[in-house]
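Since the structure of chain A is already known, use the hints to place chains B and C on it.
Residue numbers (the working numbering), protein chains in the order written: chain A, 180 to 553; chain B, 477 to 573; chain C, 20 to 481.
It is worth saying that the hints were derived from the structure and are not from the lab.
Keep in mind that the hints are not guaranteed to be accurate.
Claimed, not checked - In the EDC-like style, the derived pairs of lysine to aspartate or glutamate whose C-alpha atoms are separated by at most 20 Å in a straight line are:
id : chain 1 : residue 1 : chain 2 : residue 2
1  : B       : K525      : C       : E394
2  : C       : K477      : A       : E448
3  : C       : K477      : A       : D451
4  : C       : K477      : A       : E284
5  : A       : K446      : C       : E480
6  : A       : K261      : A       : E206
7  : C       : K196      : B       : D482
8  : C       : K477      : A       : D436
9  : A       : K283      : C       : E473
10 : A       : K283      : C       : E480
11 : C       : K477      : A       : E447
12 : A       : K446      : C       : E475
13 : C       : K196      : B       : E483
14 : B       : K525      : A       : D436
15 : C       : K227      : A       : E284
16 : B       : K515      : C       : E473
17 : B       : K525      : C       : E480
18 : B       : K515      : C       : E480
19 : C       : K477      : A       : E411
20 : B       : K525      : C       : D268
21 : B       : K515      : C       : D268
22 : C       : K477      : A       : E206
Source: prediction; values computed, not measured.
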Amino acid sequence: MVASGYDVAVVGGGLVGIATAWGLAREGCRVVVLDEGDRAVRASRGNFALVWVQSKGLGLAPYAGWTIRSSNAWRGFSDLLKQETGLDVSFQRPGGFHLALSEKELEARADAVRRLHAQPGIVDYKTEILGHAEVKKMLPDIGPEVVGGSYCALDGHVNSLRLFRTLHTALNARGVSYRPSHRVENIAKEGGEFRLSTTGGEVRAGRVALAAGNANMRLAPMVGLEAPMKPERGQIVVTERVQPFLHYPMSAVRQTDEGTVMIGDSKEESIDPAGLRLGIAATEAERAVRRFPLLANVNVVRTWSAIRVMTKDGFPIYDESETHPGAFVLCCHSGVTLCANHALTVAPMIARGALDKALVAPFSARRFHVPAAG
Amino acid sequence: MFRRLDEKGATLLLKVDGQEIRARDGDTVAAALLAAGIKHIRTTPVSGKPRAPYCLMGVCFDCLVTIDGVGSRQACLVPVREGMSVETQQGKREAGR
Amino acid sequence: MTDLASAYDLAVIGGGPAGLAAASLAARAGLSTVLFDETPGVGGQIYRGITSTPVTNRAVLGEDYWAGAALAAEATASGALIATGATVWSLDPSLQVGVSIAGRARLIHARRIIVATGSLERPFPIPGWTLPGVMTAGAAQTALKAQGLVPSGRTVMAGSGPLLWLLAAQLLRAGAKVEAILDTAPRLNWLRALAHLPDFALSPYWSKGLALLREVKAKVPVIRASSVEAHGDGQLREVVADGRRQPADLLLLHQGVVPNINLAMAAGVEHRWNERQLCFEPMLDQDFGSSVPGIAVAGDGAGIAGGTAAAERGRLAAIAAVRALKPDAAAPDPQAIRQALQREEMGRAFLDWLYRPPVALRQPVGETLACRCEEVTAGQVRHMARIGCEGPNQMKAFLRCGMGPCQGRLCGLTVTELIAAERETSPAEVGYWRLRPPVKPITLGELASLPIAEAERKAVER
Chain A
180 MVASGYDVAV
190 VGGGLVGIAT
200 AWGLAREGCR
210 VVVLDEGDRA
220 VRASRGNFAL
230 VWVQSKGLGL
240 APYAGWTIRS
250 SNAWRGFSDL
260 LKQETGLDVS
270 FQRPGGFHLA
280 LSEKELEARA
290 DAVRRLHAQP
300 GIVDYKTEIL
310 GHAEVKKMLP
320 DIGPEVVGGS
330 YCALDGHVNS
340 LRLFRTLHTA
350 LNARGVSYRP
360 SHRVENIAKE
370 GGEFRLSTTG
380 GEVRAGRVAL
390 AAGNANMRLA
400 PMVGLEAPMK
410 PERGQIVVTE
420 RVQPFLHYPM
430 SAVRQTDEGT
440 VMIGDSKEES
450 IDPAGLRLGI
460 AATEAERAVR
470 RFPLLANVNV
480 VRTWSAIRVM
490 TKDGFPIYDE
500 SETHPGAFVL
510 CCHSGVTLCA
520 NHALTVAPMI
530 ARGALDKALV
540 APFSARRFHV
550 PAAG
Chain B
477 MFRRLDEKGA
487 TLLLKVDGQE
497 IRARDGDTVA
507 AALLAAGIKH
517 IRTTPVSGKP
527 RAPYCLMGVC
537 FDCLVTIDGV
547 GSRQACLVPV
557 REGMSVETQQ
567 GKREAGR
Chain C
20 MTDLASAYDL
30 AVIGGGPAGL
40 AAASLAARAG
50 LSTVLFDETP
60 GVGGQIYRGI
70 TSTPVTNRAV
80 LGEDYWAGAA
90 LAAEATASGA
100 LIATGATVWS
110 LDPSLQVGVS
120 IAGRARLIHA
130 RRIIVATGSL
140 ERPFPIPGWT
150 LPGVMTAGAA
160 QTALKAQGLV
170 PSGRTVMAGS
180 GPLLWLLAAQ
190 LLRAGAKVEA
200 ILDTAPRLNW
210 LRALAHLPDF
220 ALSPYWSKGL
230 ALLREVKAKV
240 PVIRASSVEA
250 HGDGQLREVV
260 ADGRRQPADL
270 LLLHQGVVPN
280 INLAMAAGVE
290 HRWNERQLCF
300 EPMLDQDFGS
310 SVPGIAVAGD
320 GAGIAGGTAA
330 AERGRLAAIA
340 AVRALKPDAA
350 APDPQAIRQA
360 LQREEMGRAF
370 LDWLYRPPVA
380 LRQPVGETLA
390 CRCEEVTAGQ
400 VRHMARIGCE
410 GPNQMKAFLR
420 CGMGPCQGRL
430 CGLTVTELIA
440 AERETSPAEV
450 GYWRLRPPVK
460 PITLGELASL
470 PIAEAERKAV
480 ER
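Chain A extracted, bound-state conformation:
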């Protein structure tokens, strides 16, 4: 069984894949999205829903500019989705915090911020380091142990699960073919088109965009590209719905528009998503209560863990193949933050047939081969 006639096959039905597929459909492409099944390890289901700017780009200055570009495009992006589907993904950009629970944590944060903003070529924006009293003016419920934190006015968040649903609804309305249980086993280029062998049959398309998260590591070499990944596990604790009290997102605690409070965040070397590491959940809970003592009696209703999509150095990879023209790879950790870019900037590039080097050259995987200085 062969399905053919597609302009672009997007491999991966997570946020990167479906945002790209939507953008391609808007450009008039005939798109098929190939996804795995219900039990697949899906990073998109496990995210903190932040549209986050601060602290990004230490080690690769252009990443900060790329992030801010997406953050600035997010409002327009969510408006477009709302017009198309009637669904509101509750994007908000009130600014965000990273709170420190000790002087040492605050100093480490301040140092990282300093170094980030001191990099040559870094885009100009502000991240403020605030003490307890200044934070308290904006977050009245912080506990006495909060020593201070970093604040950036460009940080925000979104209802990411609703974003997922909205994009799927939009894809469906635009006639994009979404095929679950179509795990890609092999990709070959023959007769000017790409032939993808999947567990649901063969699919053929003029171009292919690999947006399969950590699986890009396996798929990219099939089209003459590389995507060195270093997946890691993270675990989140979620509470019952609570009356709104937290009006700014932060890196480890945020209150969703539904009232639930999400608490993170851990970085574990395992790549087994199953089970709950109690001691880690306990640490996350403890730090959340130290930040906001009024959370002590609130009930934990569920926990989950996910395997983060993480490239070798943590920065995105965008590449187009030289040996297999028409093949592209997209990998990033911040699928939510960069959603607007993928939908409105990268997808049009793929539709046109070439990545815009001026914008994405720094993110090529070729950077992994630059010999170390000295």
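Chains B and C in isolation, oriented as in the chain A frame:
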């Protein structure tokens, strides 16, 4: 909706949203509320619709009330005590109580 | 709970017949044993309130209920530590139990675990099922047994299954009035049930069942119905069955019970779909051992078979634990128990087919709520399934069904069946939620108070 087979023995006093009701030692809070004829005990955090206990065995979570200042308690699992204060839970839980 | 130790030979989770029988046998054989139950007493659902019921007239609840008194007494005298008001929120493959007592979370380790969390009622998603005034039949039975309460207004019962008839009889004996019973078991069920009638006729349920039906039908009109709806504005006002309206203050719903699988699933126990009983059940060996070494599942949680069978299963699981941990200890011969169990399980197939709930009442449509906690409609679930959502975990991400405090206990089967129906596949293919602890809510403060290893702290404080 429910009545006691034996009214004798309902000698404890609880406060529900400020009003006193009688309960029997051995009642769960949910049973005491049902016996007192209280029609609904919370409104949902999603849409604000009224709910009352549904399963009385701790699996439906429709009997969530605030007991002695602590919210989201499953009333069907908490035994009554003299002087207990019960409040219906309107919508989302209040953090801090 | 000051006398709770941090480690036991055997931890039994659930104080119903399976748990009580297991704890009793194991403790008497010399295993250090703890039993946890989240309610204020023991007995589970079937023997709810057995040590404290105000309904002292034994004829009301019937002798099958009172048989539970011996089980409870035996367990209490066995030397096992019986911890009530103890909510188990976590169980993992390392056999660590997370339990919360009086608002304080504790971790207990055991060398063997018997999960005896029993069953819950199958969801009964009809229009208006979330209205105050609509409850499960089991709820009314619990209110009667544990607190001596009976319905006082106009009460209608609806559904199918032995428990419906048993409750009706108990309510009538207690002096309550039942306006009508809406029988929703499809007539066609007889065709499949007939093949199993000979076995059922030989089982103890045969004559008991017939007598019960006669008792109830003598006093209550029984009306066949293929559709049931609850109507009212913020409160039940009337029940509509096949278009016929009946004023009502209380509607009691019941269409069978299904295993309560959340704890076992969160512990990693493998489950499979049972097409005859239309539910997921754990995959077990002949000693009720599961796919996780050291964890056994006994009672109705292992598959629906009733209260007496539950006790026998609990005993068999306990014997296996005793043989593993204390091979020289005196334990009863399992042969006689297996035979008793076999007798109890006879007739089950007949009941399962006769009372098999109709598709229309398992797979709702339109505005009827599939998920009570998050207020997600059947129509929304069906739509997402049609446009490509293949399984319940994706569905949860799309619509939030299953994300509420009940953790999908009251919507899981509905969601799985709806997806299977829309995508023209089977519930076995579709699967169930991926569950994790905590399976019952605990506070952030309690969670924060648990022991934290250095490596775990470092994974968060970076």
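Worksheet item: Which hints from the list above does the structure break, by number from lowest to highest?
Response: 8, 15, 16, 17, 18 and 22
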